[in-house]
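Heads up: the sequence shown at position 314 corresponds to 314 in full-length UniProt numbering, and the numbers run straight through without jumps.
Careful, some of the hints might be misleading.
What the hints assert, rightly or not - Calculated cross-link-like contacts (lysine-lysine; reagent style DSS-like; alpha-carbon spacing at most 25 angstroms):
id, residue 1, residue 2
1, K115, K531
2, K203, K115
3, K67, K115
For the record, the hints were derived by calculation from the structure and aren't laboratory data.
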Amino acid sequence: MCGIAGWVDWDVDLTHQRPTLEDMAAALACRGPDAAGLWLSPRAALAHRRLIVVDPAGGGQPMTRRKGEYRYIIIYNGELYNTPELRAELEARGYRFQGHSDTEVLLTAYMEWGKECVPRLNGIFAFAIWSEADQTLFMARDRLGVKPLFYTQRGSAFIFGSELKALLAHPGVQPEVDAEGLAEIFVLGPGRTPGHGVFRGVKELRPGHCLVYNRRGMHIYRYWALESHPHPDDLETTAHKVGRLLQDAVRRQLVADVPVCTLLSGGLDSSAISAFAAAAFQQNGTGRLRTFSVDYVENDRYFRPNQFEPDSDARWIERVSHFLGAHHRTVLIDTPHLVEALSAAVRARDLPGMADVDASLLLFCREVKKEATVALSGECADEIFGGYPWFRREDALAAQTFPWALDTGERTRLLSPELLAMIRPEEYVAQRYRDTLAEVPRLPGESPREARIREIFYLNINWFMATLLDRKDRMSMATGLEVRVPFCDHRLVEYAWNIPWEMKSCGGMEKGILRRALAGVLPQEVLLRRKSPYPKTHHPAYFAAVRRWLLDILDDPTSPLLPFINVEAVRQFARLDAPAMNRPWYGQLMRGPQLLAYLIQVDTWLREYRVVVR
1 MCGIAGWVDW DVDLTHQRPT LEDMAAALAC RGPDAAGLWL SPRAALAHRR
51 LIVVDPAGGG QPMTRRKGEY RYIIIYNGEL YNTPELRAEL EARGYRFQGH
101 SDTEVLLTAY MEWGKECVPR LNGIFAFAIW SEADQTLFMA RDRLGVKPLF
151 YTQRGSAFIF GSELKALLAH PGVQPEVDAE GLAEIFVLGP GRTPGHGVFR
201 GVKELRPGHC LVYNRRGMHI YRYWALESHP HPDDLETTAH KVGRLLQDAV
251 RRQLVADVPV CTLLSGGLDS SAISAFAAAA FQQNGTGRLR TFSVDYVEND
301 RYFRPNQFEP DSDARWIERV SHFLGAHHRT VLIDTPHLVE ALSAAVRARD
351 LPGMADVDAS LLLFCREVKK EATVALSGEC ADEIFGGYPW FRREDALAAQ
401 TFPWALDTGE RTRLLSPELL AMIRPEEYVA QRYRDTLAEV PRLPGESPRE
451 ARIREIFYLN INWFMATLLD RKDRMSMATG LEVRVPFCDH RLVEYAWNIP
501 WEMKSCGGME KGILRRALAG VLPQEVLLRR KSPYPKTHHP AYFAAVRRWL
551 LDILDDPTSP LLPFINVEAV RQFARLDAPA MNRPWYGQLM RGPQLLAYLI
601 QVDTWLREYR VVVR
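Please work from the sequences and hints to get the whole structure.
Listed below in structure tokens is the structure:
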């Protein structure tokens, strides 16, 4: 995977702006530690940082190809999983290739089909192509938003990049936030409104969208959206298709010229991906699959089962890795390192995030990177097959708000009266919720319950899944590790979208249709294992450390956090005991200790990014 950045300007000669472009590229060095490249012209300047995965010699960027008198220049972050098919079709049309990279295939596809190339792509991508012929910048982002792409306009300048830090490296982009940005941080965070860049005037190209920028202005359009229609298949046919689509997605995503592994928790999703990967390794004669898992020092001593985390992963990982004949390694994270990594996680995301859930993934990926460059992960199965508790809880189904954050009051009572008056949190959340429901593709004739569950799926795919994909991309790419997510294959997502709820939950278990699809692929006890989320630490030393850190912040009169919070309310909350902090406020994992850590991350973000409120 890689990092991209660029600048288009009608008034400034960009051939004289190399230092700024170098700064933007340097901000993305972690995403592309293997190589760097720049391309400058009077009107457009493009920068690329490369993580070498395919075609080390022939995949360098920015890549330039000529058609007739004019050149096309691409910078690209992603992987195409249907490269062989596209390449064969283009060769049949007379094109010849200099290497075997997907970058060259993508650029050639644009030269042949223009914007119509994008619906042909199967992959994860964010790319920009400058066409000299018509002085036009074309950008596109993959259907589910696995790869990020931010942009802003500042006077005559159009500036874009893979991460917010690349934009902030440009002197025309300042770390300013307004009331809307503060609402994103203090009310919706660690989630984020689709398309919102938090910093004032900064936006993110939404998943499934393209952007065209030239002298006539900017035009954004959607090239992909979920479509609702009656599901034509019976239960057995559906299970067979789900299994076949997932197996094909895994097989395609194993392609690389560098070591590939899987992230294994012993749960249904990661075990399925690992099983298909191990089978492909065996069939291709590429040796044993390497698998990795994460755990915490002394977690076995302090873990207690609860309704969201029914058991720990250790014995399940051992069972699955032995069943697959995988070469497995468990990465153990100690509490002091986890606490310390809270700040690094902010720098990786450029925003406050999922606290220790982010920090642990950052540390985990750093260790995995020592032995592999590409990893396959099980994200997004719960969003497309209905694995979360709120798909079945009546209070969540009945609530007219985001089901993973049912109680906004849990957070707003910790905010200052001045901030509450500025952002109007209840109104802000309600409007974002209504805006999303207005987008849901309805199916005429559905029962009210089926229609409501379809809404819950849409909310999860566009909000909660986006948060997890943000987390996985930033934490992994901060270590130079490329993570691929087979459950985000758009063919599988499109098919699963219209599977009726009673079929998705067949057998009376969450993700019942996926379990049925994997019969014979995994041991029966793994198929029947209840969902358990990404593991987090339960060590009391973590709670004590973040409490102490936050209380120190509250005692620091120079803290930029203080104007935004009710200091006494936060102080009282921080002094509660662990059982009183056990209620989730975001998703399943974000509880009291994570709320303390989130506020620490907000303080870190305000300080280090020198955020100014306008």
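Status of the hints after comparison with the structure:
1. K115 to K531: Since the Cα atoms of K115 and K531 sit roughly 41 angstroms apart, the hinted pair is violated (cutoff 25 angstroms).
2. K203 to K115: holds, 21 angstroms
3. K67 to K115: holds, 16 angstroms
Of the hints listed earlier, the one the structure fails to meet is number 1.
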